[in-house]
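Enquirer: Each chain, letter by letter, is given below.
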Amino acid sequence: MLEDVKYLKFKTYLNTYCPHCRNTFNYERKDEKYIVFKSIYKGEEAELKLSPYLDVFDVESSVEVAENDRLDDLICPKCKKSLIVEEPVCGECGSPVAELIITAFSKLMPFFICLKHGCTWHGLSKADENRVKLKIPRQDMPEQDMKLRVANHGEVPYGYTTELAQLEAGRCLQCKDPKCVKGCPVNVDIPAFISLIRDEKVDDAAKKIKETNMLPAVCGRVCPQESQCEALCILGLRDRPVAIGNLEKFVADYERKMDLVKVPVIKTKLKKKVAVVGSGPAGLTAAADLIQRGYSVTIYEALHEAGGVLVYGIPEFRLPKSIVNFEIDYLKQMGVKIELNCVIGNTITMDELLEHFDAVFIGVGAGLPVFMNIPGETLGNVFSANEYLTRMNLMKAYKFPEYDTPKPKGNKVVVLGGGNVAMDSARTAIRTGSTEVTVVYRRSRQELPARHEEVRHAEEEGVKFMLLTAPVKYIGNDQGILKGLECLRMQLGEPDSSGRRRPIPIEGSNFVINCDVAVVAIGNSSNPILFQTATDIKRNKWGNVEVNPETNQTSKEHVYAGGDIVTGAATVIQAMGAGRVAANAIHKKLSAG
Amino acid sequence: MQAFKNADEILDFAMESEQKAVDFYTELAEKIKNEEMKVIFREFAQEEVGHKAKLMKIKEERIFTIPAERIADLKISDYVDSVVIKPDMSYQEALIVAMNREKAAFNLYTRLAVRTDVPELQSLFRGLAQEESKHKLRFEMEYDEYVLTEN
Numbered sequence: 001m002l003e004d005v006k007y008l009k010f011k012t013y014l015n016t017y018c019p020h021c022r023n024t025f026n027y028e029r030k031d032e033k034y035i036v037f038k039s040i041y042k043g044e045e046a047e048l049k050l051s052p053y054l055d056v057f058d059v060e061s062s063v064e065v066a067e068n069d070r071l072d073d074l075i076c077p078k079c080k081k082s083l084i085v086e087e088p089v090c091g092e093c094g095s096p097v098a099e100l101i102i103t104a105f106s107k108l109m110p111f112f113i114c115l116k117h118g119c120t121w122h123g124l125s126k127a128d129e130n131r132v133k134l135k136i137p138r139q140d141m142p143e144q145d146m147k148l149r150v151a152n153h154g155e156v157p158y159g160y161t162t163e164l165a166q167l168e169a170g171r172c173l174q175c176k177d178p179k180c181v182k183g184c185p186v187n188v189d190i191p192a193f194i195s196l197i198r199d200e201k202v203d204d205a206a207k208k209i210k211e212t213n214m215l216p217a218v219c220g221r222v223c224p225q226e227s228q229c230e231a232l233c234i235l236g237l238r239d240r241p242v243a244i245g246n247l248e249k250f251v252a253d254y255e256r257k258m259d260l261v262k263v264p265v266i267k268t269k270l271k272k273k274v275a276v277v278g279s280g281p282a283g284l285t286a287a288a289d290l291i292q293r294g295y296s297v298t299i300y301e302a303l304h305e306a307g308g309v310l311v312y313g314i315p316e317f318r319l320p321k322s323i324v325n326f327e328i329d330y331l332k333q334m335g336v337k338i339e340l341n342c343v344i345g346n347t348i349t350m351d352e353l354l355e356h357f358d359a360v361f362i363g364v365g366a367g368l369p370v371f372m373n374i375p376g377e378t379l380g381n382v383f384s385a386n387e388y389l390t391r392m393n394l395m396k397a398y399k400f401p402e403y404d405t406p407k408p409k410g411n412k413v414v415v416l417g418g419g420n421v422a423m424d425s426a427r428t429a430i431r432t433g434s435t436e437v438t439v440v441y442r443r444s445r446q447e448l449p450a451r452h453e454e455v456r457h458a459e460e461e462g463v464k465f466m467l468l469t470a471p472v473k474y475i476g477n478d479q480g481i482l483k484g485l486e487c488l489r490m491q492l493g494e495p496d497s498s499g500r501r502r503p504i505p506i507e508g509s510n511f512v513i514n515c516d517v518a519v520v521a522i523g524n525s526s527n528p529i530l531f532q533t534a535t536d537i538k539r540n541k542w543g544n545v546e547v548n549p550e551t552n553q554t555s556k557e558h559v560y561a562g563g564d565i566v567t568g569a570a571t572v573i574q575a576m577g578a579g580r581v582a583a584n585a586i587h588k589k590l591s592a593g
Numbered sequence: 001m002q003a004f005k006n007a008d009e010i011l012d013f014a015m016e017s018e019q020k021a022v023d024f025y026t027e028l029a030e031k032i033k034n035e036e037m038k039v040i041f042r043e044f045a046q047e048e049v050g051h052k053a054k055l056m057k058i059k060e061e062r063i064f065t066i067p068a069e070r071i072a073d074l075k076i077s078d079y080v081d082s083v084v085i086k087p088d089m090s091y092q093e094a095l096i097v098a099m100n101r102e103k104a105a106f107n108l109y110t111r112l113a114v115r116t117d118v119p120e121l122q123s124l125f126r127g128l129a130q131e132e133s134k135h136k137l138r139f140e141m142e143y144d145e146y147v148l149t150e151n
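In order, the protein sequence lines correspond to chains A and B. Using our numbering, the first residue of the first sequence is number 1, and each one after it goes up by one. Using our numbering, the first residue of the second sequence is number 1, and each one after it goes up by one.
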């Protein structure tokens with residue numbers, strides 16, 4: 001009814017974007033300038049709805065705006081009149097802003113209002129809504145300042161605020177046939193959890209993700225979404241895809257910070273026991289799935305801390321250890337036992353394990369570093385990335401002598417390789433006081449296997465990139481300590497039958513990079529220790545375990561495997577997917593008698 | 001260095017070299033501990049059998065000019081350290097052994113081509129060198145793809 005309609009005025013902290021440069025900025029008005037809304041609800045309800053997002057004045061101070069009051073400059077698509085009270089310019093490029101998208105209403109967003117005539121068109125058709133959604137730019141996560149973060153080990157992105165998450169969630173088109181789900185190795189129901197964020201049901205969004213992914217806080221941080229779920233997002237065809245990973249991180253962090261995580265009560269207790277070898281993502285997932293089905297589960301971990309690559313490999317600034325520890329505590333609370341410092345294949349053999357357990361899952365990852373096999377590899381201060389990162393992360397060498405492990409002596413660090421491990425090593429070196437850190441990579445920037453975000457972060461932090469450069473020889477001083485790395489310039493050859501351009505050395509282009517530490521991060525392969533006493537587990541030429549892809553069962557009865565030990569180095573979520581497949585198969589086998 | 005009088009002699013020598021390679025890999029397959037690596041070396045031996053058959057065909061058909069192709073040289077074998085042959089070799093080491101053998105054969109034919117003045121023989125040596133460089137490229141590409149994955 002007309003008499004229920006009020007006009008409210010708000011101080012604005014609206015997310016506005018420039019249609020020219022597509023940058024988002026918050027346009028904050030001065031005191032005397034307000035955005036004035038015609039309330040579409042009764043006054044109090046409107047205030048309640050808007051207050052989390054806008055600085056709302058109380059209803060009493062709402063003002064009446066007469067029809068035809070001049071509130072110019074944005075054009076209402078309905079009446080072709082202006083939307084806003086003054087002439088704003090884009091905070092980034094200075095161009096006039098032509099539209100305003102208000103994200104205040106989670107259900108009605110995006111919400112437009114014409115301030116001149118008070119007309120609204122929140123009852124958008126699906127097509128209209130999608131058209132508008134396409135105009136919302138992807139929301140980047142706020143990050144630690146690059147100058148500050150090189151001096152600490154804190155996480156670089158701060159994560160979304162609720163407002164940013166709402167805005168980003170509003171970009172999702174809620175496709176009927178969501179391609180993103182197919183891109184996720186564990187088929188998280190992505191549109192459903194994003195829709196729950198929009199409905200302000202973040203706790204339900206967390207439950208939705210956990211139906212299929214037990215480590216969302218980890219995946220949201222380290223999964224290469226750009227080549228998985230986000231790669232298939234339909235929005236990516238004309239703009240940037242929905243930031244699914246950032247939203248996943250937001251949901252998981254919200255759940256943890258709000259203390260909403262509840263340990264499930266396991267009702268059925270079975271007498272059968274399962275051993276899990278390795279406490280990385282594959283092992284943790286298999287353990288969680290099996291304990292929830294009532295099995296007794298014991299994880300065997302070779303190191304003194306559980307988490308596998310999540311604790312020894314990925315640095316604190318990318319994945320805080322507190323998050324991994326939280327997930328491991330969650331498993332312990334469910335009843336999973338964890339035996340640390342136990343190397344299966346050495347401390348206990350596989351056959352000995354099978355005497356005590358009904359099934360074994362191997363999820364030991366790809367922990368054996370690959371070296372280039374070039375002269376000088378045995379010089380002092382030539383490290384594998386595994387060793388370097390383990391020293392720095394797990395053993396906290398940067399806190400020596402407070403911790404026992406010393407940091408490698410040297411200020412000029414070269415990192416060989418262009419993957420995420422190389423970026424982690426280079427960025428760790430920067431944070432631990434190295435004066436010059438150079439990534440040496442044989443191919444061009446286009447082929448860098450690391451995530452774009454990691455490369456960007458590394459460059460911002462001062463890591464130098466020497467591309468199309470191949471190391472050919474380490475040079476040592478008379479004490480056998482590294483003092484230089486001889487390299488060759490490369491050029492990319494013609495595409496071969498696979499379409500890939502291979503790097504070819506340029507004759508006589510040798511040069512030397514002065515350095516005192518080298519970190520080799522060219523790849524990893526499988527660690528053979530376990531298999532030295534379990535020769536009946538069939539492996540391929542790379543040393544990876546061969547499994548039945550339907551069940552992840554190995555050639556040895558009652559033994560299953562998954563994750564990097566099967567596929568070679570891959571992603572956290574792929575390892576988790578493999579852990580789940582094996583857990584299902586183990587359950588099927590053991591419950592059948 | 002051996003002197004060759006005609007194309008037949010060269011091809012006989014080349015076939016003999018390929019047979020030596022077959023024997024080398026077969027013997028290695030016997031010595032090696034790991035089942036999967038045995039399979040690999042048997043596969044390498046099989047590839048050498050194929051090379052020998054190709055040479056046999058050239059000899060029978062008497063077409064001594066091998067069409068020149070541009071074969072990429074990744075030169076990985078130029079800068080990797082040679083490896084010691086041992087019963088517990090890894091696939092990476094096996095690839096290095098194979099690359100180095102193909103490189104040695106390439107070098108041999110290239111040197112022989114320089115040492116002869118007979119154009120027909122020179123062309124045959126170059127052709128054989130080209131074949132060996134193809135074989136080397138096959139191993140180097142495997143090394144490039146799967147060993148130097150993030151490099």
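Wrong hints could be hidden among the right ones.
Far from chain A, by Cβ distances over 10 Å, these chain B residues were calculated [said to hold, decoys possible]:
1) 8
2) 20
3) 31
4) 53
5) 57
6) 61
7) 67
8) 72
9) 78
10) 104
11) 126
12) 141
Covered stretches of chain B, as calculated for chain A (at least 3 residues, CB under 8 Å) [claimed, not checked]:
13) 37–43
14) 79–92
To be clear, the hints were calculated from the coordinates, so they are not data collected in a lab. Every residue gets a Cβ at the ideal spot worked out from N, C-alpha and C, and that includes glycine.
Enquirer: None of the hints should be skipped; say for each whether it holds.
Expert: Here is what the structure says about each hint:
1. 8: Non-interface label on residue 8 of chain B holds, nearest chain A Cβ at 34 Å vs cutoff 10 Å.
2. 20: Holds: least Cβ distance 24 Å, greater than 10 Å.
3. 31: Nearest chain A Cβ is 17 Å from residue 31 of chain B, so the label holds.
4. 53: 22 Å, holds
5. 57: Fine: 23 Å to the nearest Cβ keeps residue 57 of chain B off the interface.
6. 61: 26 Å, holds
7. 67: Residue 67 of chain B is indeed farther than 10 Å from all Cβ atoms of chain A, at 18 Å.
8. 72: Violated, because the least Cβ-Cβ distance between residue 72 of chain B and chain A comes to about 5 Å, which does not exceed 10 Å.
9. 78: 8 Å, violated
10. 104: Given a closest Cβ separation of 17 Å, the condition holds.
11. 126: The claim stands: residue 126 of chain B keeps its Cβ more than 10 Å from every Cβ of chain A (closest is about 20 Å).
12. 141: The assertion about residue 141 of chain B is violated, with a minimum of 7 Å to chain A.
13. 37–43: holds (count 3)
14. 79–92: holds (count 7)
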